[in-house]
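Enquirer: Just so you know, the sequences run in chain order S and Z.
Under this note's numbering, the first sequence is numbered contiguously, ending at residue 326.
Under this note's numbering, the second sequence is numbered contiguously, ending at residue 326.
Careful, some of the hints might be misleading.
Only pairs whose alpha carbons sit at most 30 Å apart, straight line, appear in this in silico BS3-like list of lysine-lysine [to be verified]:
| hint | chain 1 | residue 1 | chain 2 | residue 2 |
| --- | --- | --- | --- | --- |
| 1 | Z | LYS293 | S | LYS241 |
| 2 | Z | LYS264 | S | LYS42 |
| 3 | Z | LYS293 | Z | LYS108 |
Just so you know, the hints here were simulated from the structure itself, not pulled from any lab data.
There are 2 protein chains.
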Amino acid sequence: MSIRVGILGYGNLGRGVEASIAQNPDMELKAVFTRRNPETLKIETQSAKVLHIDEAKNMTNDIDVLIICGGSATDLPEQTPEFVSMFNVIDSFDTHANIPTHFANVDKAAKEAGKIGIISCGWDPGMFSLNRLYAGCILPQGTDYTFWGRGVSQGHSDAVRRIEGVLDARQYTIPVEAALEAVRAGENPELTTRQKHTREVFVVAAEGADTAKIEKEIKEMPNYFSDYDTTIHFIDAETMKKEHAGLPHGGFVIRTGETKNGNKHLIEYRLQLDSNPEFTGSVLVAYARAAYKMAQEGMSGAKTVFDVAPAYLSALSGEELRAHML
Amino acid sequence: MSIRVGILGYGNLGRGVEASIAQNPDMELKAVFTRRNPETLKIETQSAKVLHIDEAKNMTNDIDVLIICGGSATDLPEQTPEFVSMFNVIDSFDTHANIPTHFANVDKAAKEAGKIGIISCGWDPGMFSLNRLYAGCILPQGTDYTFWGRGVSQGHSDAVRRIEGVLDARQYTIPVEAALEAVRAGENPELTTRQKHTREVFVVAAEGADTAKIEKEIKEMPNYFSDYDTTIHFIDAETMKKEHAGLPHGGFVIRTGETKNGNKHLIEYRLQLDSNPEFTGSVLVAYARAAYKMAQEGMSGAKTVFDVAPAYLSALSGEELRAHML
Numbered sequence: 001m002s003i004r005v006g007i008l009g010y011g012n013l014g015r016g017v018e019a020s021i022a023q024n025p026d027m028e029l030k031a032v033f034t035r036r037n038p039e040t041l042k043i044e045t046q047s048a049k050v051l052h053i054d055e056a057k058n059m060t061n062d063i064d065v066l067i068i069c070g071g072s073a074t075d076l077p078e079q080t081p082e083f084v085s086m087f088n089v090i091d092s093f094d095t096h097a098n099i100p101t102h103f104a105n106v107d108k109a110a111k112e113a114g115k116i117g118i119i120s121c122g123w124d125p126g127m128f129s130l131n132r133l134y135a136g137c138i139l140p141q142g143t144d145y146t147f148w149g150r151g152v153s154q155g156h157s158d159a160v161r162r163i164e165g166v167l168d169a170r171q172y173t174i175p176v177e178a179a180l181e182a183v184r185a186g187e188n189p190e191l192t193t194r195q196k197h198t199r200e201v202f203v204v205a206a207e208g209a210d211t212a213k214i215e216k217e218i219k220e221m222p223n224y225f226s227d228y229d230t231t232i233h234f235i236d237a238e239t240m241k242k243e244h245a246g247l248p249h250g251g252f253v254i255r256t257g258e259t260k261n262g263n264k265h266l267i268e269y270r271l272q273l274d275s276n277p278e279f280t281g282s283v284l285v286a287y288a289r290a291a292y293k294m295a296q297e298g299m300s301g302a303k304t305v306f307d308v309a310p311a312y313l314s315a316l317s318g319e320e321l322r323a324h325m326l
Numbered sequence: 001m002s003i004r005v006g007i008l009g010y011g012n013l014g015r016g017v018e019a020s021i022a023q024n025p026d027m028e029l030k031a032v033f034t035r036r037n038p039e040t041l042k043i044e045t046q047s048a049k050v051l052h053i054d055e056a057k058n059m060t061n062d063i064d065v066l067i068i069c070g071g072s073a074t075d076l077p078e079q080t081p082e083f084v085s086m087f088n089v090i091d092s093f094d095t096h097a098n099i100p101t102h103f104a105n106v107d108k109a110a111k112e113a114g115k116i117g118i119i120s121c122g123w124d125p126g127m128f129s130l131n132r133l134y135a136g137c138i139l140p141q142g143t144d145y146t147f148w149g150r151g152v153s154q155g156h157s158d159a160v161r162r163i164e165g166v167l168d169a170r171q172y173t174i175p176v177e178a179a180l181e182a183v184r185a186g187e188n189p190e191l192t193t194r195q196k197h198t199r200e201v202f203v204v205a206a207e208g209a210d211t212a213k214i215e216k217e218i219k220e221m222p223n224y225f226s227d228y229d230t231t232i233h234f235i236d237a238e239t240m241k242k243e244h245a246g247l248p249h250g251g252f253v254i255r256t257g258e259t260k261n262g263n264k265h266l267i268e269y270r271l272q273l274d275s276n277p278e279f280t281g282s283v284l285v286a287y288a289r290a291a292y293k294m295a296q297e298g299m300s301g302a303k304t305v306f307d308v309a310p311a312y313l314s315a316l317s318g319e320e321l322r323a324h325m326l
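Using the sequences and the accompanying hints, generate a full structural model.
Expert: Here you go:
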């Protein structure tokens, strides 16, 4: 019998989750829940229902795990505690500073309901966090470095779009190669924000817009750009559509450390992703399997990737994993 | 209170474990057990005892976890089941084909004794296995590649040392850069043994030895060298000592996969280690902490890295991990 999955929210991430479910023969998409009018939503999975979010409460016997694909700013802090009272859930909550509060809220609701709620899944937080944890435990005397990119930052793209005269924008975060090389060489460099990443922005400006003014506003924007070396390109809408439609991303988690006699060790984890939402969706689906298996064993409460034994992610048995993957 | 650790076997790996314990303030080395005369053994940790292996059974109340540092061929199949009847244990059993049998033997003894036995820890099997598992679960439609090196293979070095006229030898396994690049480029190459790795051998020959004959014997040695392109250098004993005293190693686990619309993703995990035994020892120590914590919670039986939730490896609490590492 398949693991029956629901998706809450059908944006880029929800579609990425749907694509991943289709690649996992032990999982089945039962329903997509939306705040929109369900009749306006076309999904790819013929066999799944499209339902209004208010109908989720009637589907608790039909869904084993609900993957919540909302945003971290306003959706997930409300939705994850609410829906974990009815379902085993997964989310990708990524506002680092608020993770402890979110965890506590989800944990309380999950334990009351006897459900599992795995929060902050994806690649950062998620796979990058795992790699920081493993590497830090193995090499306690060492230094961590995380680099992001080359990839599209949606938050930075949105910030540029809010500037007067900007019709569309796409922002790429790019790790500085020289910094990466210094880290890999075991030099333990102390790197400023500017030394770690550069930013590259592609802008479609309105006709007659003051591009010099737009450029200045971008480069001086506090938090988003003022601490970085930023390159700006003005392009037309067609070029934007043709060359910047994707949402690639990735990055590097590197730890260098010493054991004794100056013996140095490097642990590097690298992701290079053509589609950030499709990869993140794939991580969520693997953890949905884990949530299902953990719930089957009677566990409940909020969990993060740190709390999930790797074997739970796999459709293979312990015997199969030991024989073929160890 | 510290986690009290014992080491069984004091070769390269045992010394690597000792060095790692010294880097972890929550752990304390209590005793090293040896088959040799304990009085002949000098260890680095002043506060720890050196005892004959037969005295281990009298130390069950003084040691929380025993790290077994024997060889996979003959030591571990005997020692791990024997000592898990008295202690929580960790080993680095690495004969892949025999892991299921070893697991079953350790599991039986561990469950009878109510102890934890984590087997096959290190980096391969170990961290590489973990990365194959995580990557395979996230990208079910993809291909795995594992490359080893540049590093010293002790088995291959030993094989060369057994050739007549060879006084000393050191063998390096080297990944083929072009193969790595083809994998990273997402070309999904089908690689033969010869296309993945080359071998480089440094040999100290006896005076008057037939070096041409030695070279031929190495290159034609079945299993070890005949399927590889091998380069051989004859050097003097002093150069061997000066330039090849270390035991560096490392390698790459790479998975490339697709989600939909041809979107490709790359996950790469890389280790570059100055000292294979010191790094392996560091992994064993992190899993010793996990064994202790899991036993404290009442778990028992044989485990592998697949069965250990990452948080168990850390000295930090769940709250601290979520606040700082996620």
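Enquirer: Quickly compare the C-alpha distance for Z/LYS264 and S/LYS42 to 30 Å and report which way the hint goes.
Expert: It holds: about 25 Å lies between the C-alpha atoms, which stays within 30 Å.
Enquirer: Does the alpha-carbon distance linking Z/LYS293 and Z/LYS108 stay inside the 30 Å limit?
Expert: With Cα atoms ~20 Å apart, Z/LYS293 and Z/LYS108 stay inside 30 Å; holds.
Enquirer: Under the criterion that the straight-line Cα-Cα distance not exceed 30 Å, is the pair Z/LYS293, S/LYS241 satisfied?
Expert: 53 Å, violated
Hint violations for this structure: number 1 only, all remaining hints satisfied.
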